[in-house]
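*Asks:* Given the sequences, and given the hints that come with them, work out the whole structure.
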Amino acid sequence: MDYQAGSPVDPRVIEAMTPYFGTAFGNPSSTHSLGQEAKTAVEDARSKVASLIGATRKEDVIFTSGGTESNNLALIGAATRSKEKRNKIVTSAIEHISILNICKYLTKLGFNVKHIPVDSQGMIDTATIEDSISNDTNLVSIMYANGEIGTMEPIAEIGRIAHDHGALFHVDAVAAVGKLPINVERENIDLLSLSSNDIYGPKGVGALYIRQGTQLRPIILGGGQERGLRSGTENVPGIVGMGKAAEIAAQEMEQESTRLTEIRDKLRKGVLDNIPHSYLNGHPTARLPNNLSVRFSYIEGESLVLSLDMEGIAVSSGSACSSKTLEPSHVLRAIGLRHEEAHGSLLFSMGKWNTEEEVNRILELLPEVVRRLRRMSPLTPKELQV
Amino acid sequence: MDHFRNPRNVGEIQDPDGVGTVGNPVCGDMMTIYIKVKDDKIADIKFKTFGCGAAVATSSMVTELARGKRLEEAEKITRADVADELGGLPPIKMHCSNLAADALHSAIEDYRKKKGK
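As you go down the protein sequences, you meet chains A and B in turn. Just so we're aligned, residue 428 is where the first sequence starts under this note's numbering, counting upward by one. Just so we're aligned, residue 868 is where the second sequence starts under this note's numbering, counting upward by one.
Careful: at least some of the hints might be erroneous.
[What the hints assert, rightly or not] Facing chain A, according to a computed beta carbon distance under 10 Å, are these residues of chain B, among others:
#1 874
#2 878
#3 893
#4 915
[Unchecked claim] Derived Cβ-Cβ restraints for the label pairs, each shown as a range:
#5 B/931 x A/703: 24 to 34 Å
#6 A/458 x B/958: 53 to 63 Å
#7 B/931 x A/700: 34 to 44 Å
These aren't lab readings, by the way, just hints derived from the structure by calculation. C-beta: ideal position from N, C-alpha, C; glycine also.
*Replies:* Listed below in structure tokens is the structure:
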């Protein structure tokens, strides 16, 4: 139950991709029919991705190597677009690490980056956004929904505020695409990042939606593919896979989101009702349908993850011990959790192949896992020592 | 992993001769070791840990290493000993083994202070 880390590729996607590894191996830039066959496949995938996000022109979608690259192109490409003198960038405290590190780089280049705080449920206050954005703002970048705590942000409203001040609006939608019905037109979005593996497509490919008329400085230079915005021979099989994944996501989103919400809520209720001192991280209702982030007092996340792994259940944690830097998750800290609370957090991110039976099994096992770890912990108060 | 799955010596001692606590929940690792001393040897030893898999495993291992030893010997148990007995730890987890050995030494020191030795 750790789909946010990595998902299998849908077998229908693998089937769609396979010819492009072998027989249809052409380069879309070639004039001959082999090349044109590849080009047609790429353009078809482009339409499907555009459709998924409500983009009216398929040309507004370009393909990249993934969400991180899309974020790099969006932020660096927009901030450094020529004839743009404004130097303020507004983003949030809970963005993906790629956005945070890109902003650090932009700060070195001389940009003034402001990180808007979130409330205890991870929601951005639009009044704070209103105060922070002005005519000096070049670009606003806010994620559609946070993949760690699940909270969905008021995107359309933030976009409106950005546009009122002539700022570009970028949305990192990697965690939300395929789960929530995104519409770039209605939601005032100029730039949108998405990734293939989060919609059960292959890893290593993603896309960036760029509203017509938005200027971007390309960051990968070369032969001028993707309208000059992203050079390099196209990853045809990967792109075809992403297109197929997008098509499936559009068709199945409503049904799948309903199903995921049901089993996620069953898990949520089971955990919060039956395990004492357990709490929800993130917003109770404005949250991704597949996301359950919870924390347990007095125990630590990595040992929870290991204990569940021993039972064949894969989840993840925002604890310091489970991160490369030994710092607890910046998202959990941003919602105001104390270190020890952040350490006791667990993330279940559900996907297509999770079932109600699996939820039932977790509900059987988890209370005892928590009890065992609490018995070992010096922090557990006497009344919980069972 | 064995010491994580089946940690030895988990618990408290009701009337300990020495108690050592190191780390804190802010860091994400905290260990308390309780010892009972008889004839200058560690007659009984128990631990409680808030921390990751390596923290639990190293606490468990250090109590196994220390049990029955004379105090002078137990004081010589180092972080490296604990890590070695477990078959090695990844570098990022070495600080967990530090805590385990430190907690043990802290408990012994506490005992000595109490006894005025």
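*Asks:* List in ascending order the numbers of the hints, as given earlier, that are violated by the structure.
*Replies:* No hint contradicted; all consistent.
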